[in-house]
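2 protein chains.
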Amino acid sequence: MDEILIEEIVKRVKETLANSKETSNIIPIEASGRHIHLSKENVEILFGKGYKLKEKKELSQPGQYQCMERATLIGPKGVIENVAILGPERGKTQVEVSKTDARQLGINPPVRDSGDLKGSETVYIATEKAVVEARESVIVAKRHIHMNNEDAIRFNVKDKDTVNVRVKSDRPVVFEDVVIRVSDKYKLSMHIDFDEANASSFKNGMVAEIIS
Amino acid sequence: MDEILIEEIVKRVKETLANSKETSNIIPIEASGRHIHLSKENVEILFGKGYKLKEKKELSQPGQYQCMERATLIGPKGVIENVAILGPERGKTQVEVSKTDARQLGINPPVRDSGDLKGSETVYIATEKAVVEARESVIVAKRHIHMNNEDAIRFNVKDKDTVNVRVKSDRPVVFEDVVIRVSDKYKLSMHIDFDEANASSFKNGMVAEIIS
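Quick mapping for you: the protein sequence lines, in order, are chains W and Y. Each residue of the first sequence is one higher than the one before, starting from 1 at the first, in full-length UniProt numbering. Each residue of the second sequence is one higher than the one before, starting from 1 at the first, in full-length UniProt numbering.
The following block holds chain W by itself, in its conformation from the complex (with noise of 0.2 Å):
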């Protein structure tokens, strides 16, 4: 029993190393673009009393997805239409923006990992219904690389440490300062924003590659 056992976890970790060696260091990207994560409360203020919001397609990360709905954003120097929102609800309204986006809106928002909105812009959100001034809800977003735990182990990396990224393309790039989010909730994906995407000409199927 106890050789039977031995030899099936040897074979399990061959299996495991294998694997690892055919995809290691190579990590897909995605580039998000603006989007809002709205609160209950101001789901309710924006769309009304008991309103849930309607899927319309997954994202990468599990459980979460764009909705029908969208909103518009309001600056002290322009507006921009359109705006996904994505669910599910938060516990706090979070707008996250390009520093392209908030040149147009007129507004300063700081470069942060999700959930760290202390200090963070101001912007007002508006549907046809209704309009919310979302205090200090405002970020740009701080690259970031989600991951599972598996992933951790082969990459040798821990919730939020920070690596160096190298992008090949016909704007090389190295982002510096990438932070690492680990949850067995996530699929392995590195998040920049359009500025990114653009600076680093970014397309469809573009990879990267942890390097430091």
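Do not rely on the hints blindly, as some may be mistaken.
Identical copies go unnamed one by one, so any copy, or any two together, can satisfy a pair.
[Claimed, not checked] Calculated lysine-lysine pairs in the DSS-like style (CA-CA distance at most 30 Å, straight line):
{"hint": "1", "residue 1": "K168", "residue 2": "K118"}
{"hint": "2", "residue 1": "K11", "residue 2": "K49"}
{"hint": "3", "residue 1": "K168", "residue 2": "K77"}
{"hint": "4", "residue 1": "K203", "residue 2": "K11"}
{"hint": "5", "residue 1": "K142", "residue 2": "K168"}
{"hint": "6", "residue 1": "K158", "residue 2": "K168"}
For the record, the hints were derived by calculation from the structure and aren't laboratory data. Keep in mind that this is a model prediction, so the values were computed, not measured.
Assemble chain Y onto chain W, guided by the hints.
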């Protein structure tokens, strides 16, 4: 006489080395917005026969200036108004936009060195007086470093070399494949576009360091 000459040469070489040590590796960065270089022929179509562009302000590169005049870019999907025209006139009209601008216009220009326009994108340029079709005139400028021959010796590079350059900010980036352009008419400066500026949190005073 000879001894005095040799002494003088040694003194000057020492001074040069001392100076080069002080400023070594540090290169000022400028972010270039979208702009248009016009041919003499296009100036006359857009502004009138015999028209001379008026200088508004000098740019960092000697002899280059921003003009009082502005123009509108028209693409298949959008329009960008109030675009800067740079002088002096060139042999061929050249339009430099960011990938963000290109998306708005609905065109897909290649990332290219200035002057390399074969197979590049087409856009219409309009003033109140006229519209011209600028065929194969639109590029996304490839990031580059202007320097004079003395700088080239100090950095140990030559014209058309490519280098990797680190930028420190809250979005630190290594720009790879940065083209060196050497001329005694040039002043030391790295030029990036607004997408690259946003992706690296550019602020005035930011500098680049050649790392390899």
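**Study point:** Indices of hints not satisfied (ascending)
**Key:** Structure breaks hints 2 and 4.
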